[in-house]
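Protein chains in written order, with the working numbering: chain V, 5 to 567; chain Z, 496 to 839.
Hints may contain errors.
[Stated by the list, open to error] When the alpha-carbon atoms are kept at most 27 Å apart in a straight line, the in silico DSS-like pairs for lysine-lysine are as follows:
| no. | chain 1 | residue 1 | chain 2 | residue 2 |
| --- | --- | --- | --- | --- |
| 1 | Z | Lys-762 | Z | Lys-611 |
| 2 | V | Lys-32 | Z | Lys-762 |
| 3 | Z | Lys-611 | Z | Lys-657 |
| 4 | Z | Lys-698 | Z | Lys-647 |
| 5 | Z | Lys-762 | Z | Lys-538 |
| 6 | V | Lys-424 | Z | Lys-561 |
| 7 | Z | Lys-783 | Z | Lys-823 |
| 8 | Z | Lys-567 | Z | Lys-783 |
| 9 | Z | Lys-554 | Z | Lys-567 |
| 10 | Z | Lys-537 | Z | Lys-809 |
| 11 | Z | Lys-762 | Z | Lys-554 |
| 12 | Z | Lys-809 | Z | Lys-647 |
| 13 | Z | Lys-698 | V | Lys-32 |
| 14 | Z | Lys-783 | Z | Lys-809 |
| 15 | V | Lys-424 | Z | Lys-537 |
| 16 | Z | Lys-647 | V | Lys-341 |
| 17 | Z | Lys-554 | Z | Lys-538 |
| 18 | Z | Lys-783 | Z | Lys-561 |
| 19 | Z | Lys-657 | Z | Lys-703 |
| 20 | Z | Lys-783 | Z | Lys-797 |
| 21 | Z | Lys-762 | V | Lys-424 |
| 22 | Z | Lys-567 | Z | Lys-611 |
| 23 | Z | Lys-611 | Z | Lys-537 |
| 24 | Z | Lys-538 | Z | Lys-561 |
| 25 | Z | Lys-783 | V | Lys-424 |
| 26 | V | Lys-424 | Z | Lys-567 |
| 27 | Z | Lys-561 | V | Lys-32 |
Everything labelled a hint here was simulated from the structure, so no lab data went into it.
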Amino acid sequence: MLPVLLTGALLAWLVLVPLAVLVVSAFKPTGLLRDPGFTLANLTETYGSAQFWRLVGATLQFAVGSTAVALVLGGTLAWLTERTDLPAPALVRAMVILPMATPPFLLAISWIILLSPRTGVINALLMSAFGLDAPPFNIYSLGGMIFVEGLSLVPSAFLILAPAARNLDPSLEESALTSGATTTQLVFRIILPLLTPALAGTAIFLLIVSFVVFDVPGTIGMPSRIFVLSSQIYSLVADSPRGIPEYGKVSAMALMFTAALLALTLAYHRLMRHAGRFATVTGKAYRPRPFRLGRLRALAVAGVVLYFLCAVAAPLLILLWTSLMPFQAPLSVAAAKMATLANHREFFANPFIEAATLNSIIVAVVASTTVAALSLVTAWISIKGRAPGRRAIDALAFLPLAMPGVLIATALIYVYLAVKIIPIYGTIWIIAVAYLTIYLSFGSRTMNAVVVQLHPELDEAARMSGAGLIATVRRIIVPLAAPGLAAVFIWVFAHCLRELTAALLLQGADNATLPTLLYSYWSGGETNKAAAVGVWLVIGLLAVVGVWQLLARFAARSAAASA
Amino acid sequence: MGLLHRLAGVTLAAGLIAAAQIFSGHAARADAVQDLAAAATKKGPVIWYESSPPEQILKIASAFNKRYPDIKIQFVRNTGGGGIAARIIQESEAGAATASFFIGDGAQLIPLNQRKLLLSSDWRSLGVDPTLVTTPYAVAATAALGVLIWNKQRVADADLPKTWDELLAERWRGKVGQWVRAATLGTLAKAYGEPHMRDYTRKLIALKPMIYASTFQLAQQVAAGEVDIGMGLYHSAQPVIAAGAPLGLRFLDPTPVNTLYGAVVAKGGNPEGAQVLLAWLSTLEGAKAYEGTIGRGNPLIKGTETAERVGSHKLVEYSFEDAATIEKLDAELTAMLMAADKTR
Numbered sequence: 005m006l007p008v009l010l011t012g013a014l015l016a017w018l019v020l021v022p023l024a025v026l027v028v029s030a031f032k033p034t035g036l037l038r039d040p041g042f043t044l045a046n047l048t049e050t051y052g053s054a055q056f057w058r059l060v061g062a063t064l065q066f067a068v069g070s071t072a073v074a075l076v077l078g079g080t081l082a083w084l085t086e087r088t089d090l091p092a093p094a095l096v097r098a099m100v101i102l103p104m105a106t107p108p109f110l111l112a113i114s115w116i117i118l119l120s121p122r123t124g125v126i127n128a129l130l131m132s133a134f135g136l137d138a139p140p141f142n143i144y145s146l147g148g149m150i151f152v153e154g155l156s157l158v159p160s161a162f163l164i165l166a167p168a169a170r171n172l173d174p175s176l177e178e179s180a181l182t183s184g185a186t187t188t189q190l191v192f193r194i195i196l197p198l199l200t201p202a203l204a205g206t207a208i209f210l211l212i213v214s215f216v217v218f219d220v221p222g223t224i225g226m227p228s229r230i231f232v233l234s235s236q237i238y239s240l241v242a243d244s245p246r247g248i249p250e251y252g253k254v255s256a257m258a259l260m261f262t263a264a265l266l267a268l269t270l271a272y273h274r275l276m277r278h279a280g281r282f283a284t285v286t287g288k289a290y291r292p293r294p295f296r297l298g299r300l301r302a303l304a305v306a307g308v309v310l311y312f313l314c315a316v317a318a319p320l321l322i323l324l325w326t327s328l329m330p331f332q333a334p335l336s337v338a339a340a341k342m343a344t345l346a347n348h349r350e351f352f353a354n355p356f357i358e359a360a361t362l363n364s365i366i367v368a369v370v371a372s373t374t375v376a377a378l379s380l381v382t383a384w385i386s387i388k389g390r391a392p393g394r395r396a397i398d399a400l401a402f403l404p405l406a407m408p409g410v411l412i413a414t415a416l417i418y419v420y421l422a423v424k425i426i427p428i429y430g431t432i433w434i435i436a437v438a439y440l441t442i443y444l445s446f447g448s449r450t451m452n453a454v455v456v457q458l459h460p461e462l463d464e465a466a467r468m469s470g471a472g473l474i475a476t477v478r479r480i481i482v483p484l485a486a487p488g489l490a491a492v493f494i495w496v497f498a499h500c501l502r503e504l505t506a507a508l509l510l511q512g513a514d515n516a517t518l519p520t521l522l523y524s525y526w527s528g529g530e531t532n533k534a535a536a537v538g539v540w541l542v543i544g545l546l547a548v549v550g551v552w553q554l555l556a557r558f559a560a561r562s563a564a565a566s567a
Numbered sequence: 496m497g498l499l500h501r502l503a504g505v506t507l508a509a510g511l512i513a514a515a516q517i518f519s520g521h522a523a524r525a526d527a528v529q530d531l532a533a534a535a536t537k538k539g540p541v542i543w544y545e546s547s548p549p550e551q552i553l554k555i556a557s558a559f560n561k562r563y564p565d566i567k568i569q570f571v572r573n574t575g576g577g578g579i580a581a582r583i584i585q586e587s588e589a590g591a592a593t594a595s596f597f598i599g600d601g602a603q604l605i606p607l608n609q610r611k612l613l614l615s616s617d618w619r620s621l622g623v624d625p626t627l628v629t630t631p632y633a634v635a636a637t638a639a640l641g642v643l644i645w646n647k648q649r650v651a652d653a654d655l656p657k658t659w660d661e662l663l664a665e666r667w668r669g670k671v672g673q674w675v676r677a678a679t680l681g682t683l684a685k686a687y688g689e690p691h692m693r694d695y696t697r698k699l700i701a702l703k704p705m706i707y708a709s710t711f712q713l714a715q716q717v718a719a720g721e722v723d724i725g726m727g728l729y730h731s732a733q734p735v736i737a738a739g740a741p742l743g744l745r746f747l748d749p750t751p752v753n754t755l756y757g758a759v760v761a762k763g764g765n766p767e768g769a770q771v772l773l774a775w776l777s778t779l780e781g782a783k784a785y786e787g788t789i790g791r792g793n794p795l796i797k798g799t800e801t802a803e804r805v806g807s808h809k810l811v812e813y814s815f816e817d818a819a820t821i822e823k824l825d826a827e828l829t830a831m832l833m834a835a836d837k838t839r
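The shape of chain V in the complex, shown without the other chains (with noise of 0.2 Å):
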């Protein structure tokens, strides 16, 4: 009981306070805190506008079309590494996370230089190769924000997914194919039911951050005048023409996202009722055999391929391009000419870079070790556990992800400035604990669908031999949800690399961090030096994809000795 309560503690101190805060900003008549009275006007004036609403409208497609690109490209790749016999499944698997490597903006700007109307590499080229009268693609439209954004989240999709797909019990599929039964039965009555569970905390998690993020519908909807939730926010924050930033509209607006969300929350818990129906890794063998994939090998493979030029090369080397020219200059061999190293150069001789890398490591580190640790916490506590509260402790745990960034850090701004026994303000630490909280939610939902399909006999053999609560999670329950926590540390790691919204609202003298540096180039117009950070940033990511895959391997050719 005592974890349980500690636990609890703990996530209504990162979650409950910072809600309270927006709660109560939404009632003030500026929404900052310490100002006197209360107005339900953000409320009325918010929800009684029609543009708002037309907002809501935009925005449910974006984040609808979103999530199903990502579910559909990040499941069949998650199905495809794990369970065929797809070849190299380990470099596959690196190259469907590399792209976590690039800011969600920096994919958005990659993708309006190749497919922009006007200077578009790719429309160029086409029209150029066909003789096309017009672009055949325009970028500044809801399909190419959809588009970028699937793609920006297919890493995320694959993460949760890979391990629930990897975890499968194969005997189930054999006795479905010894049963007579095709590959279309096997994938629609065995394998999706099967993975209910994660396929359903995925679309949610999805959903949700698609309805929240900022980056891509900032970057390509603003040109074209498609705004959705997200970029009003942000303007509202931003760009308001009026002396402070509007937190109270804000504020009411966020108070939608919540709503939302706790409504998805009940959605979810109803499909986790009979969570023992999906428990598919037991105490008995088991042994993943590949699935055979005959003729759509090839198939799979150029699936693949093409998914990685789309996701990585084309745009990691067109902002390679542009990292080596003056300006943002179009494609073409005069262009060529032009090319310099003084971005990169620039970059390095940047007295602020050493520290601001450091921060961002340092912050990553901890934050997504401490999310990978709760979060296993708090699916082991309300999935497999009997205590009062455990539905309150997997709520509190998931809530985070209905509130934007941007509003989280400005909470923990009040938090931390009001809590002077704390003393994080202006620090690092005040970014870890942003990243904490708004990353929980994330880790909650992978550790979930990971812990969902381990059964309770595990343990309660462990325990029956004599096993106490620390060995118990040390030999059995920690290794058998080592993929799901490498899953979440290695995804909340990248994002925090990222991560710029929180970084900057939260930025004192001396905790820069990558993403802020990389932001001060693009803020002030150098696109160029922005793509030279960028293309670091990437570069640095890949080492971190590849240490991890190392030690992976490393891991399981230990285990496979000492068994």
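For this one, chain V is given, so just place chain Z on it according to the hints.
For chain Z alone, kept in the frame of chain V given last:
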């Protein structure tokens, strides 16, 4: 001769007295600044909030420290002006360390002053040119100047608009870019009237402009050729031009001006140092250091490049007291620009 001698003597005496007064005035002003500087050195660093990159601000701080080596500046980069104002309010009300100095527009300064968070000072006694002193709590430090920018490879000189109204010609349909903030459009209302600028904005929207989050991005996209032309800002076009991009720039009459003001935060850790810094930025030396680094100069200080570039062009601007008017109009026109439109 005698009369001439007496006249010469009186003139000389008067001249000496005047010179002595001027000298003593200068000396008094210099003393006042030195007194503040001496007090500032006994305190912590002057914390400066600004949205510009730290590399740029540190160059300015370096130039400032050549004159005042014992006053340290600590820079904290922050998001846009509104974010800075909100942060100062939050930190001041919580009794936490906050900025001593920042630069913002009237819309940000007025609510801060209403909350009694800004320090009023006798800027003349610190040698600040009276034309720069708008109110006791605000000194004109720099300005954003609206200019016409275009892609030199896509637009011939003969086709260039000579007035702002010519930017609404049908030839620019789908080829014009615009900053999402309607600050310059709103300022032009001072010359043309609010109804005219509402109509202007509607016509501009009918041309299906590309809307950009910042004027820096607008300048980049004009240089890249994604749009041909737009209403940009002088300082945000400078980095693109300096990089060798084919970006043209022209002042049109009237030139919309949005002055930004330096202010000292009352609850900042070193208001004395902040006053010295603001007084220094008001000198030609300080203004040139700021302009040379940020690219945004002060047209009110003779000898700056911005003042020379503006030359005889007619400048138009709402006064500081009209901040509420321009804020309201800016919000209205910005909302028009941001109204969702998927018909492009």
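Cross-check of the supplied hints:
1. Z:Lys-762 / Z:Lys-611: Answer holds: Z:Lys-762 to Z:Lys-611 is near 10 Å, not above 27 Å.
2. V:Lys-32 / Z:Lys-762: Holds, at roughly 24 Å.
3. Z:Lys-611 / Z:Lys-657: violated (45 Å)
4. Z:Lys-698 / Z:Lys-647: holds (24 Å)
5. Z:Lys-762 / Z:Lys-538: holds (13 Å)
6. V:Lys-424 / Z:Lys-561: Violated - the C-alpha atoms of Z:Lys-561 and V:Lys-424 are around 37 Å apart, more than 27 Å.
7. Z:Lys-783 / Z:Lys-823: Violated: Z:Lys-783 and Z:Lys-823 sit about 33 Å apart, past 27 Å.
8. Z:Lys-567 / Z:Lys-783: Status holds; Cα separation ~20 Å.
9. Z:Lys-554 / Z:Lys-567: The given pair, whose Cα atoms are some 13 Å apart, holds under the 27 Å limit.
10. Z:Lys-537 / Z:Lys-809: Violated, at roughly 46 Å.
11. Z:Lys-762 / Z:Lys-554: holds (26 Å)
12. Z:Lys-809 / Z:Lys-647: Judged against 27 Å, a Cα distance of about 25 Å means the pair holds.
13. Z:Lys-698 / V:Lys-32: Not OK: Z:Lys-698 and V:Lys-32 at ~37 Å, beyond 27 Å, violated.
14. Z:Lys-783 / Z:Lys-809: Holds. Z:Lys-783 to Z:Lys-809 sits at ~22 Å (cutoff 27 Å).
15. V:Lys-424 / Z:Lys-537: Judged against 27 Å, a Cα distance of about 26 Å means the pair holds.
16. Z:Lys-647 / V:Lys-341: holds (19 Å)
17. Z:Lys-554 / Z:Lys-538: Roughly 22 Å separates the two Cα atoms, so the pair holds.
18. Z:Lys-783 / Z:Lys-561: Judged against 27 Å, a Cα distance of about 14 Å means the pair holds.
19. Z:Lys-657 / Z:Lys-703: Within the cut-off at roughly 21 Å; holds.
20. Z:Lys-783 / Z:Lys-797: With Cα atoms ~10 Å apart, Z:Lys-783 and Z:Lys-797 stay inside 27 Å; holds.
21. Z:Lys-762 / V:Lys-424: At roughly 18 Å apart (the allowed maximum being 27 Å), V:Lys-424 and Z:Lys-762 satisfy the hint.
22. Z:Lys-567 / Z:Lys-611: holds (26 Å)
23. Z:Lys-611 / Z:Lys-537: holds (25 Å)
24. Z:Lys-538 / Z:Lys-561: Since the Cα atoms of Z:Lys-538 and Z:Lys-561 sit roughly 19 Å apart, the hinted pair holds (cutoff 27 Å).
25. Z:Lys-783 / V:Lys-424: violated (41 Å)
26. V:Lys-424 / Z:Lys-567: holds (26 Å)
27. Z:Lys-561 / V:Lys-32: violated (46 Å)
When each numbered hint is compared with the structure, violations occur for hints 3, 6, 7, 10, 13, 25, 27.
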